[in-house]
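Next come the chains, spelled out residue by residue.
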Amino acid sequence: MKKHRTLLAVVAGLALVMAACAEEQQAGGGGGQAEAPGPGELVTIEGGEDMSGVFIPKATDNPVFDQANDGAVEAAEELGAEPASFEGPPSAEDIEGQIQIMTNAVTQGVDAVMISNNAAEQIEPAAQQAQDAGITVVSWDSPIPSGADAGESLFVAQVDFDETGEVMADMALDLLGEEGGEFAILSATPDAANQNAWIEDMEAALEDPKYENLELVDTVYGNDDPEDSYDQALALVDQYPDLQLIMAPTTVGIAAAAEAMQDEDLCGQVLVSGLGLPSDMVEFTLNGCAPEFALWSFTDLGYLTYYATYGIATGQVQAVEGAQFEAGRLGEYTIEPDPTRDNGLRIVMGPFTVYTEENVEEG
Amino acid sequence: MPEWARRWGWELLLAGILIGVLILNVSLSPFYLGVQNVINTFQLSIEKVIVAVIMAFVIVNGEIDLSVASVMAFSASVLAALHAAGAPFGLAVGAALLTGAIAGLFQGFFVARMGLPSLTVTLAGLIGFRGAARILVEDQSIGDFPEWFDRLGQDPLVGRLSFGLLLFLVGIVVAGIILHRTPFGRSLYVIGDNSEVARFSGINVARTKLIVMTSSGFVAGLAGVLFAARLGSVRGDLGQGFELDIITMVLLGGVSIFGGSGTMVGVGLSILIVLNIRNGLGLARFAITTQTGVIGVLLILSVLVPNLVSRFARRRHRGPGPAPPSGGRTTDQGGDLRGREHESQQATVE
Amino acid sequence: MSRIGPGSSERVGGSRRRRLGLQPERMRELSLLAIIVVAVLAFSLVFENALSGRFFNRVTTSVAITAVLAAGQTVVIITRNIDLSVGSIVGVTAYLTGEYLGDHPDAGLFLAIGVAVLIGGALGLVNGALVAYGRVPAIIVTLGTLAIYRTWLIEHANSQNITADTLPQWLDELPRASVLSFGEFDIRLTFAVAVLVVVVLQIALGRLRWGRWLYAVGSNPDAARQAGLPAQPLTLVAFVVSGALAGLAGFMFLERFGTITVFAGSGLELASVAAAVVGGVSVLGGSGTVFGAMLGAVLIALLDQSLLRTPQVSEFWRDAILGALILAGVAADFLVGKRLRRRWAESRRSLSLGATSERGAVTDA
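Residue numbers (numbering that gives the first Met the number 0), protein chains in the order written: chain G, 0 to 362; chain W, 0 to 349; chain C, 0 to 364.
Read the hints as simulated data drawn from the structure, not as lab findings. Owing to the predicted nature of the structure, the values given are computational and were not obtained by experimental measurement. There could be a bad hint or two in this list.
[As the list claims (entries may be wrong)] In silico SDA-like links for lysine to any residue, alpha-carbon gap of 25 Å or less: (1) 337(C) with 105(W); (2) 337(C) with 38(C); (3) 337(C) with 205(W).
[Unchecked claim] Chain G is nowhere near these chain C residues, computed Cβ spacing over 12 Å in every case: (4) 32; (5) 33; (6) 186; (7) 229; (8) 345.
Beta carbons: idealized from backbone N, C-alpha and C, even for Gly.
Modelling step: build the complete structure from the supplied sequences, incorporating the hints.
Here it is as structure tokens:
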């Protein structure tokens, strides 16, 4: 049984490599896998087979990843599979931890690894090793940069990364109004791939004339550490007397910045926005320090990741461009090339939920 | 107690712990026994264990080097920045190794020539060299190294052993010989035990310290280059936080933090223990923080239990009161917590 | 961490420091103070607001937590030990106190501080007992408990953060509370508490009998024991003080940041050691003052905060410059201090013969 699944995974992997190399896959009879329909046919992912997996968050210190795991467990139960083992490094700066867990997964001979990559390119040798051993590697939340060239079958994107930039720009516009003003970005670590992608996208989005009055004055890094983020937020305020908004696309940064503004009685003067966890932000949204922020559902992200991974690992879904499948309660998805990477495939979950005082307490 | 048992008491204890860990690991996970897993165990932490070997020299010498992880990042960043700027790759590697040595020499100057405490100097180095790495690579991840370089870091070179692993195995043997069988090694113990005495007995204390600190920087730089090869790319946060893991390995190996005692055999055993705890518990799906916690408990118990046992034994056999140092290599000297230095000092400086 | 042995402890403990809190340390503090003033003036040329009340408030509030930790660290280092577990103690107390306040919203300020200090003190007691009575070197004990306390917190927290909205309203207002204001210059409550801690400890260490005993134990353990000083209880007390102050710092952390993750406070152990050693506390034990450690903390925070606000220094240059400035500051302080001490020692050489009997007098007192 186990051997069979491994074989399927190898075949799925082979199919992926072939898809990556040539367009001829489009014809549909992919990889010698009789029961896996080609692109264009909608597959409803069904349970019945078991799948052993490891679900790797960026770090175990952030509650959003527990929510993602809750979603993955929910999906596993629906599919009648054993829930994946939830193992992650203690902090997002610990790239060694992810590499260790990935390597151990190969030794343990699991069927699938689902990873929110914190190690950028540095995970790639280990991910490649995993795929070589017949393991289905799916990334979520933060992708493996070289995608298919480094053993990744699919990236489950929370939102369209281009959309993130636009959502942040829209929130800034909403908060500052037509007359606009100065704002700054408070990011996590300088090495966080998704942060950097979002910031780049936001800078691109700002080119649009409708944002012409928004002026991005600086980008600083709080290293996803509350203390650093707090100090950085106050330093921004001191350095730019006309600053009106701090945009923090990180759950740690946004909470620390809001706390700093509240502590210094600056809430009316400098607003805080970005990507935040509703439970962290309730107070600041209600008292006006951070009136508006956005996030997606991490529970759904984990749920979708598990479904997609299960589909690929059990051979029901081919990880090729154009493949369509239905993932339980979340509905239909189509695999497409990832525009943010040279050789990666993705599905996009979406959408953002924008939180304001109206809905923050439900979040 | 026979002389050999007294002399090697600490190492025997570590060997016992290691056997316990191995037995536990075999019973915890069916995947533990396997050649590839043994290789992985080393390969995943190869840079740490290589630096731990030189750290043993530094601590025996009575100093400490908190900057090693930052020096790793600095030298790897020099490699990456030069490579990205189009320099010949061999030159980039050479410059990276030189960077490590210069960083060590720089800190060694403040410690050996100016007499500043190494804790202070290398604490500044911990911050500063990390910053130097950041200047070079900023927020990028620099990779695309030549094929042979990546392969050197990732693939087996001889049999199933990678280059890094071979380097470690040869390195620890050579280090053991230098530390225990050469006049230079013995002078480290004398300086570590009492630098005044060392000076009076004609040892060039400043020069020796300079050599040790420079070597520490060089080996850290080498480890940084190996890290770049193993992971295929360099970021500014490379190796962050490694220093405490490395120091833990050395201290668990029985090297006294106050200098002047410890053996390379102990350090080797301690490395095996730490790596196997991480690997075994990892395979049995214990969280990484739990692994760290277990190592913390072990670190304390490994000194505490022998202390309590020897005190208890002494009370029973000889009654209360002052007693000569006995097998546990502990001192019975209340507030002065020098650890286990008397015995091995005798063992090595005779 | 230079070595310590009977010979060198004689050197450290013998001629140089016999009476406690004396001239060399005053010199050290003065030279550090001068470096701080020079740094402020230098930075006032670089960025606009360096002399403003606002910047003063920023530095003083950001230094409060490290200053309290450095004070505790100093007490431990004076006894020739070290406490690397303080970062984890801060995390545990911040988290548990936050949890307590979430469950007991009616608990007041003093009860909350009491809870934090008690928890911190208990964790310090564990460290101290292992060091003093288990005879395990302090660095081994506290490297171990650094990991153990943190692991326990992670298991306990089960990935739940303490969030600002679960905390009582009065805690939100605490960071803004000022004791005194001179125009734009506030003395914030947190900074005032830190200063109070430093002053009390400084006086206690210098004037109280047990305070001087702590120095004696650290500067020459063998002599201290022969003189009949209670070395073990003193070591225990030092760790309890450090733990309790880390608990207080944990409360300050909670009050300042509101949101507490399981990794709250990690890295503060190195910050506290850095503040102490920059402040002239000798890692060889037996010398250094709490006030010096506070100045060390101020210098580091000042450099850090100033660099954050210096437009010419890009984000990526900050750490390199900070490291270089710390090294330069320590080296300058060391060289100046050495010269002054030598002069002082020469002028007092004639008196140094009385060293032993004087220590005897201290212990008899």
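Hint by hint, here is what the structure shows:
Among the hinted pairs, residue 337(C) with residue 105(W) is consistent with the structure: their alpha-carbon atoms are about 21 Å apart, no more than 25 Å. For the suggested pair residue 337(C) and residue 38(C), the alpha carbons sit about 21 Å apart, so the restraint of at most 25 Å is met. Taking the CA atoms of residue 337(C) and residue 205(W), the gap is near 18 Å; set against the 25 Å cutoff, the hint holds. Under the 12 Å C-beta cut-off, the non-interface status given to residue 32(C) relative to chain G holds; the minimum distance is some 24 Å.
Taking the minimum C-beta to C-beta distance to chain G, about 26 Å, the non-interface status of residue 33(C) holds against the 12 Å cut. Every CB of chain G lies more than 12 Å from the CB of residue 186(C), the least distance being 15 Å, so the non-interface label holds. Even its closest Cβ contact with chain G, about 38 Å, leaves residue 229(C) beyond 12 Å, as expected for a residue assigned away from the interface. Annotated as non-interface, residue 345(C) keeps its C-beta farther than 12 Å from every C-beta of chain G; the closest such distance is 45 Å.
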